[in-house]
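Go by the hints and put chain B onto chain A.
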Amino acid sequence: MELRYYIIRRLLLLIPTILGLTVLTFLLMRAFPNYQLVQGYINPHSSIPVSVQMLNAEKALGLNYPPPVQYIYYLKDLFLGNWGQMSTTFYSGPVLRGIEYFFPNTVQLAIFSIILSIIIAIPLGTYIGARPNTAADQAGRVFSLAFYAMPTFWLALILQIILGQDVIYGNPFGIFPIQGSFQPTSINPLHPPSWLINTQLGTVLSSPTHLILIDALIHGDFAVASSAFMSLVLPVVTLTLTLLAGILRFVRAGMVDAASQEYVKTARSKGVPERLVIKRHIRKNALIPTVTVLGLLFASLLGGVVTIEYVFGYPGIGLFGLNAVLQNQIFGVMGTTLIFGLILVMANLIVDVVYALIDPRIRY
Amino acid sequence: MVLRKSMRTPDVVVKKRPRLEDTIYTAKLFFKNRLAFVGFVITMIYFAIAVIDEVYPQWLGVSNLNSMANWVPALSSNVPTAPTLSHGWMYIFGTTQFLVPIFPVMLAALKFDIGYSLLIVTIGALFGLAVGTIAGYFGKIFDEILMRVTDIFFSVPFIVLAFAISYALGRSLNTVIIALIIIWWPIYARLTRGLALSTRSMKYVEAATASGSSGMRNVVVHVIPNVLSPVFVQISLDLGSIVQIFATLYFLSVIQGSQLLPELGNMISRGQTYLPQGIWWPVVIPGIFLLIFTVSINLMGDGLRDVLDPKLRR
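Protein chains in written order, with the numbering used here: chain A, 281 to 644; chain B, 409 to 722.
Chain A extracted, bound-state conformation (with noise of 0.2 Å):
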């Protein structure tokens, strides 16, 4: 099959998928009674009153109809963007609105940590697969076990306390910020920047592309770039060392594999150098294991993103959704559930269309 036709395959097969996510975030929200469905649109302050209210919203969301009806009321909803209100001390408002506030911060740690963690384990995985059971070997092995079996948010609460600023008292380590995606001490109080927007919740806003950082370099504030580049330190190690735990099981495993083939053998039998040999032939067919495993990896980076998110109260979209969790905003929790596996479905495509890029054995 050509690749093309693969792809549109891949594409169409999204649609039933995508389609249950909606069902199942729907049987979530029939979970709950239609008098708490319509809570997030009732204004107690209106003149109109509240019973009124409440039937009004009851129809707007097809709630008086049948199951069936209600779903497709739903998913028009969904189409149209309007995803719910919520209201909890973190974020109030529209809940598409909150996804896109806080969904680029997430987005922002993810490719961190993706970038850092490939960058080192691709070399380092080469390294100890090109020489297993040596001391080098098991120390890799020992490193990636430990960190793949640590939960996530106890190695956070670790580097806090390695790493982070003020933990404790007279470290020299500690210089990172252990809370928040920025420093509000890193603005100037005499010219308080009008593209910085306090949102009285405890969370503050930017703009345009609501990431501190970037949008901070784009102003030219120096001062609070730095201390949102501090900031993102702590969670971006956090999540690239359980992910990197992840990817170096994998490569090895992968290295040690591809160095038993015949075709290993055959290259070095012709005399090709050994630096080479694991480059061009062990290297390049250990990868291909490796590519689809991430996305399972995928899955549990975002799982990880919700814990070190609450970890160090960094806004993203995990902290959104917990919150909407502790503070019983069903459109939030919905909202967020739907969002992370759209991203995780397109990750899954992503990385199966690359799949059959680089190994053109592949075609389902």
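Keep in mind that a hint or two might mislead.
[What the hints assert, rightly or not] Label pairs and their computed distance ranges (CB to CB):
(1) A:513 x B:428: 51 to 61 Å
(2) A:349 x B:464: 52 to 62 Å
(3) B:615 x A:292: 33 to 43 Å
(4) A:473 x B:556: 45 to 55 Å
(5) B:624 x A:289: 43 to 53 Å
(6) B:431 x A:289: 15 to 25 Å
(7) B:623 x A:295: 29 to 39 Å
(8) A:292 x B:531: 27 to 37 Å
(9) B:622 x A:572: 33 to 43 Å
[Said to hold, decoys possible] Simulated coverage check for chain B against chain A, where a stretch passes if three residues somewhere in it have a Cβ under 8 Å from a Cβ of chain A:
(10) 572-581
(11) 652-658
(12) 682-691
(13) 694-704
Keep in mind that the hints were calculated from the coordinates and are not lab data.
None of the values given here were measured: they were computed from a predicted structure.
All residues carry an ideal CB built from backbone N, CA and C; glycine is no exception.
Same frame as chain A, but now just chain B:
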């Protein structure tokens, strides 16, 4: 023409090894792997502590283990005390919130952490095994439905799905357990489905069908025994993950209502509030205790996989 060796009919009949002898051989292979052996021993110690907790809670100096408050000596101060040997073995790792001694609470926590994780994995594995083998063996529309349903479960990160489902069910300890079972069965369904598919096309299954064996009998007699050992390996690897997820859910305070339950994630979460005062032991020590368990169960699982998978068996 000379037949190749593999094509000749065997002139020596290989004696079938009895099951017990085979098990002993597998165990011998397993214990040869030193890391796996260490993992096995440590895991067994943890399991033993969990069992002792259940049958004889008095060994930790309290009548029941259901609340951290049982260990409170006197509410004289709010600041946890440092690890010391001078107040007896219970205080060897210091105290945490309300001066609760860390060491006995940690030991008591195993009853809940390991007990609930075993419950979740066992029910999830049994359900997944049943659904997966039937879907894999009988195939067709049933198989297609199973694949699509599991796709949906795999398309949301576990933690987020656990949030969402336990939230919809009410955020108590019991609903979180139900949510984790709901999330965990698809892994086993996928695993056993693949194995059932490959077993279905085996010659001996064909032979059984030809001699009049029904489909259900084939599943029970031929497919399930072939599926069991990979499932067992998966269970041992998953126990470590479930303990972690369980602790994480407690840490994030998604589980409401039992904030004094001796549970490792809960302990770390309580201890976290004292970090700014430079008090590290309520966070570090329960974490290391948990880490030792997850590392050793992973070592044991890796070792088991190596001996139970005939392709890796040397």
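Query - Outcome for the supplied range 45 to 55 Å, where the beta carbon pair is residue 473 (chain A) and residue 556 (chain B) - result: Hint holds: Cβ distance 50 Å, inside 45 to 55 Å.
Query raised in the report: Falls inside 33 to 43 Å, the C-beta gap from residue 622 (chain B) to residue 572 (chain A)?
Result: 37 Å, holds
Query raised in the report: Are at least 3 residues of the region 694-704 of chain B within less than 8 Å of chain A when you compare beta carbons?
Result: holds (count 5)
**Report entry** Whether chain A covers the region 652-658 of chain B (at least 3 residues having a Cβ closer than 8 Å to its Cβ atoms)
**Finding:** With 3 residues close enough to chain A, the hint holds.
**Report entry** Whether chain A covers the region 682-691 of chain B (at least 3 residues having a Cβ closer than 8 Å to its Cβ atoms)
**Finding:** Held - the region 682-691 of chain B has 5 residues with a Cβ nearer than 8 Å to chain A, which meets the minimum of three.
Query raised in the report: Do residue 349 (chain A) and residue 464 (chain B) keep their Cβ atoms within the hinted range of 52 to 62 Å?
Result: 58 Å, holds
Requested in this report: Could you say whether the range 33 to 43 Å given as a hint is met by the Cβ separation of residue 615 (chain B) and residue 292 (chain A)?
Outcome: 40 Å, holds
**Report entry** Distance restraint evaluation - residue 292 (chain A), residue 531 (chain B), Cβ atoms, bounds 27 to 37 Å
**Finding:** 35 Å, holds
Requested in this report: Could you tell me whether the CB distance from residue 623 (chain B) to residue 295 (chain A) stays inside 29 to 39 Å?
Outcome: This hint holds: roughly 32 Å between Cβ atoms.
Query raised in the report: For the pair residue 431 (chain B) and residue 289 (chain A), does the Cβ-Cβ distance stay inside 15 to 25 Å?
Result: Violated, since residue 431 (chain B) and residue 289 (chain A) (Cβ atoms, about 46 Å apart) do not stay within the stated range.
Query raised in the report: Does 43 to 53 Å hold as the CB distance between residue 624 (chain B) and residue 289 (chain A), or does it fail?
Result: 34 Å, violated
Query raised in the report: Is it true that residue 513 (chain A) and residue 428 (chain B) lie within 51 to 61 Å of each other by Cβ?
Result: Taking Cβ atoms as reference, residue 513 (chain A) and residue 428 (chain B) lie about 57 Å apart, which means the hint holds.
Figure legend: structure checked against the earlier numbered hints; hints not met, in rising order: 5 and 6.
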